[in-house]
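Single-letter residue listing:
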Amino acid sequence: MPDTSEKDPVITSSLGTFLVVSSVLVMLTLVWALYNEFFGLRPWKSYERDFAVRYVKFLRKQIPVQESAEKAILASPDYQQLDQQVKAAEEQVKDKSDETDKQIAILDARFSAITETFTTERAYVATQVYAIEHTSLDNQTSLQNKLAKHEAGPFRVSLPTLPDGKIVTGDYTFQQLQDEFNKVQLDKANMLEEKSELLRPVSELRKKRDAYLTDHLNGLTTEQMRGVLKKTQDASIEIKQINNPDAGIVDRCETCHAGIREQVVITAKDMGGKEVFVSHPEPDLLTLHDPEKFGCSPCHGGNGMALESKERAHGQYEHWLWPLHPMENVQAGCQQCHAMDMVLDHAPVLSDGKDLFQRRGCVGCHRFQNYDPEPELIASVQQQLLLFENQRSEAQRNIARSIQLGDAAPDNDTARMYYTQADKLRVSISDIDGRIEQLDRRSKDLLRDTKKVGPDLKEVRVKMHPDWIPVWLTNPHAWRPSTRMPRFRLADNEVKAISAFIWQSGIDAALPTQPQGDPVKGKESFETRGCMGCHSLDESSPHFAANLSRVGEKDNYDYLVRWIHNPRERTRPYCPFEKRDLTEADYKKHGLPFVFDLDHSKCPNDGHELQVEQETIMPNLRLTIEESRDIASYLMTLKTKDPSSYAKADYLNDPSLKAQGHALVQRYGCAGCHEIAGMEDEGRIGTELTKEGSKPIEQIDFALLTREAREQGWYDHKGFFEHKLAKPEIYDTGRDWKDRDPNDRLRMPDFDLKQPEINALTTFLMGAVESQIPQRYWDAPEDQRRDIQEGWWVVKKYNCMGCHQFMVGQSSRLMTLPRYQTPEWRDQLPPKLMGEGARVSPDWMEKFLANPAMDSKDTDRDGVRAYLKARMPTFFFSPIEIRKLVRFFQALSGQPMPYIPPKLEPLTDQEIAMARALFTSKGAPCLKCHATGDPSHDKFATAPNFLLARDRLKPGWARRWMLDPSMIAPGTAMPSGLFKPVGDHYVFAGPTPDIFKGYDGDQPELLVRYMFEITPDEQRRLMGMSADMLKTSELIRIQEPVHRLTDSRQNRMPSGPIAAKIAGR
Amino acid sequence: MNKRNLILLFTALIILALVACGKKEEETAEQPSAPATNAPAPTPIDQSTVGEVTGKVSFDGAKPKAPVIHMDQDPVCVQKHAGKVVTAEDAEVNDNGTLPNVFVYVKSGAEKYTFAPPSDPVVLDQNGCMYQPHVLGIMAGQTFKVVSSDPTTHNIHPMPKDNREWNMSQAPGAAPIEQKFARPEIMVPVKCNQHPWMRAWIGVTTNPFYAVTGSDGTFSIKGLPPGTYTIEAWSAIGGTGQTSDQTVTIGPKESKSVDFTFKAS
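As they're listed, the protein sequences go chains C and Z.
Numbered per our numbering, the first sequence spans residues 1 to 1065.
Numbered per our numbering, the second sequence spans residues 10001 to 10265.
Simulated from the structure, these hints should not be mistaken for laboratory data.
From the three backbone atoms N, C-alpha and C, an ideal C-beta is built for every residue, glycine too.
Every clue listed holds true.
Simulated restraints on C-beta separations:
no.	chain 1	residue 1	chain 2	residue 2	range
1	C	Leu213	Z	Thr10230	38 to 48 angstroms
2	Z	Thr10240	C	Leu592	54 to 64 angstroms
3	Z	Arg10183	C	Ala235	41 to 51 angstroms
4	Z	Ala10088	C	Asp345	41 to 51 angstroms
5	C	Leu213	Z	Ala10088	47 to 57 angstroms
6	Z	Pro10067	C	Lys269	55 to 65 angstroms
7	C	Leu213	Z	Arg10183	22 to 32 angstroms
8	C	Ile995	Z	Gly10173	10 to 20 angstroms
9	C	Lys269	Z	Asp10162	26 to 36 angstroms
10	Z	Arg10183	C	Asp284	20 to 30 angstroms
11	C	Thr624	Z	Thr10240	28 to 38 angstroms
12	Z	Thr10230	C	Leu746	54 to 64 angstroms
13	Z	Asp10162	C	Ala478	36 to 46 angstroms
Extracted from the complex, chain C is given alone in its bound form (with noise of 0.2 angstroms):
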């Protein structure tokens, strides 16, 4: 057969070569597949196995040196003593527990050897019961018959009985042995319990024993560790999500960062130098914001779902709008929900960069919620008293159509009716009133609270030196490194034109020319007096307040002895109404002398609320008016040159320029930071910045630096936010920009700002956000912590931490400086404030902080500590901030507002005469060092007079303070040991008077009682009785008359005479 086929091609062709490449093919598609399942699209389970093997290592390693610690404690005495207690209280109660333990056996015994024969018994009475019930009425009487015969028993039981388990054998009934049963029963349950008293010394001291251990033992005991061992042995490689549907929040970092919530402490060394793998490093964070309600990623950012890579997980890619924050700026997290907090615990960075956006001004030219808010509030009472105007117009027409209703109504009732709506609406029209009254009030107060950033250029005739003005305009930084002033980059012309712009609208005025003074005195006050908590005279650290090193060169002799004697007196008063300066002319028109001041605030012409103070937040001190001339003469000497060598500026006063220069003003937003001259109202002139952080990027101008920045890799708002701060025109660029309008310019001037502020206020603007969070997240208490939140707004705006300590470990500026390292002048240093609410009452703050004179006539002293250089200054706070302020201490202290005294046990005969011999006894101090108004005495006091106890001091406080005040102001001049405790309460360490024998009552709530009671009176009688311990010859010469307090509580203020007992003026 001719082979015809033609070629088969089952037979000829082979798909071999295609077969093996698919084959080929399939199988790396598939090692791909296998590759990208365990590496590629999962690489965190490498990571959970590789923290698995790392930590396992590390905790075997780990073990057994927290093993030989744990050793060396229960090695130490200490240990020791507390276990040898313990066994000692064991074997104190060893026999009796031993016998109460063979007892219970015994009745254990006695238990189950009637517990056979009764159930048996209750099982047969119990079928017997059913037996009855479901029978005919003639079987039941048989049966019941039967059943009684059956329960009457005798069932003999052989039982053991107590005290010695002897078995008694007897006969019982059925109820005689179901009583048996249940009395075993509770007799047990008593002996049981009796035995948990008897142990209960033991397990306390036990208790503590163990106690001992976890608190000197650094981290988890051995036993907790292995514990943890286990546990990690036995994960299994799965992701580790956070879910809160209630916020939205899913977030599976720990998947890789594995270690982030373990209690063992882990470092990057411990894991081989992994740092994904380490523990957190505030773990107080964590306590405080639970991971299963926060998550991680509402606090550093990045995309807490993404597993499938570090960069995806982090968010560090386009369009995600919230990456991880770096580790630099990791602060800015907690701003979303905190933006209400101006000091933040545990945030120093971004706490620095709120507080730095107020006190470089920031505030001035951008809007940042809270910042600031005075303006805006008073706009918004203006609103509300428009409101209620029209409330009351309206209520009022409604009285008149109810009436007349009423008059004409059909019945009575009806009638009634209409009355009583009538009398509704009068009596809502008199809250009204009330309401307005207060919106008044508070509007009156908010302005008083206004402050700008910068000093007052109406002033600036009166106040300098014309030619330093220029010189100041075109470089402030040049002349004063350290200035809060920026510098705008102005051209010669500018400068001239705003220069003279701001003298022409400076008021003209004459002030009285003052004496010179002594610069000698002017130092050591200026050093002294407190100007230093806020002030320097040096361009080191940053501070509060202008350096004053070169005063001398631009001021007014004449202004700066009036801005000493009282910083908030103005040349003329503000009315916002009229928007002007009012002159003495205003007042004559209307026969009124030219006085304006807090108590005279009301506009002669339309009675509007004038602005009668300088918007400054420098306080009066209260000096008198030579020492005043003091300082000023002191500063006056501050300087490097003569102000006549600056170069004349005589165009000042050239009227062509002024226009120019108003222009020039406007554009730069002067008027942000400086009260000027018709420019009031001025709004600023920059973007807000409350929510800067999550503007998308694509708003956020670069210019033409947007192709830089995303080469450089700083297109973020991060990126922009420090080449902003850095140089804050660096985006004016490209070739055309000098020939741009200047007004296309960027206007915002340049600070000067050191790299860490320029991080702080970075990281402030990067967590100003939308927050993704729920409001209900934030920390937006509605209870006291809100008054914290509140006060510490004021507490910054006013620097009272540069004299006073709030926290343990926060320094005040006084205390770094280099006169209060001395012993002799760290007791000179202002009172530390840590736990105040608790010591003194709100009432008598609120008195204290309106005056710190305490005295409205003699204001030359401070009211509480005479015998302090430094002196709290008048602050003008008005009723809001001292209401703020007050409850800000009394919450810090977790005190209840309002207060209520508690009301202490008069004085026995016996027990003041008591007090009064201890309080003169030779052991007792007290009088040395506190004051009692008696000058010859008080030259060397350095404490309060006792006087002001009863209106200030809460008692509670009084009796802890004299009992250890270390454990209350650390380093404080009072010494602690002055009482020991006597069984349960405190007696005089020293030789008690022969009086107290036989007084078994607390010592020192016996001096506080008394403490509550002195009067003026008293105290000299101690004085004299104290006569041979304490210099007191001049002592009788006071013989002033005497204000016994009383309880009333107009009464309760010591002004007058006992303020001035007390001053002992």
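Keeping the supplied structure of chain C fixed, place chain Z upon it in accordance with the hints.
Frame of chain C, contents of chain Z only:
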């Protein structure tokens, strides 16, 4: 077959790689650190080779007039001195132009040795409302015992920078106060808030090599093992304290002399 082999091979490779990685870590792991012990044992010192540093501290300048202390704030103090004028010790200069109350100690060079603090306490007495001694040295961890010979209440208030601050009242006849300073510090001022003129200075050291000059202005530090040391002298003269350092090398059994001079500031 081929495929399975490949998978197997691949898996084996992965396992190998993993094991290899793991191994490497294992190798670089450190040995468990030695268990921490509470107090290191003192370094033995060969007493046959020890030397000595002696010297004199002089004052450069006219002898300043020491301020008079007025104690009339507490008559008890005045009585104790029976009319004698008391002056501030910080400003004292000896008649021979030397300085008393200078604290001289080995500032550095002795770090390689460990010393156990002596079991005897260092005693500070309050007598006539003055501290005795005015300047004293103590080793960190040594007991500091404060007694009072005055029939008035004092309070003892050391104001350290590096140590824990405390302030204890001591009534007449009360038990001595015993405290310790845990950390070295030059110098800790001590004051009594009730008698503000009272002042003592405490030098807390980590070694026993310190001395305080007396009325002849000399000092001697004995028992120094051979080596090179920085000797520092501290004086309160003319203010709040000034120091001066000198380096000295001591051979076996050698005695070297080091003199210091202070000015009024």
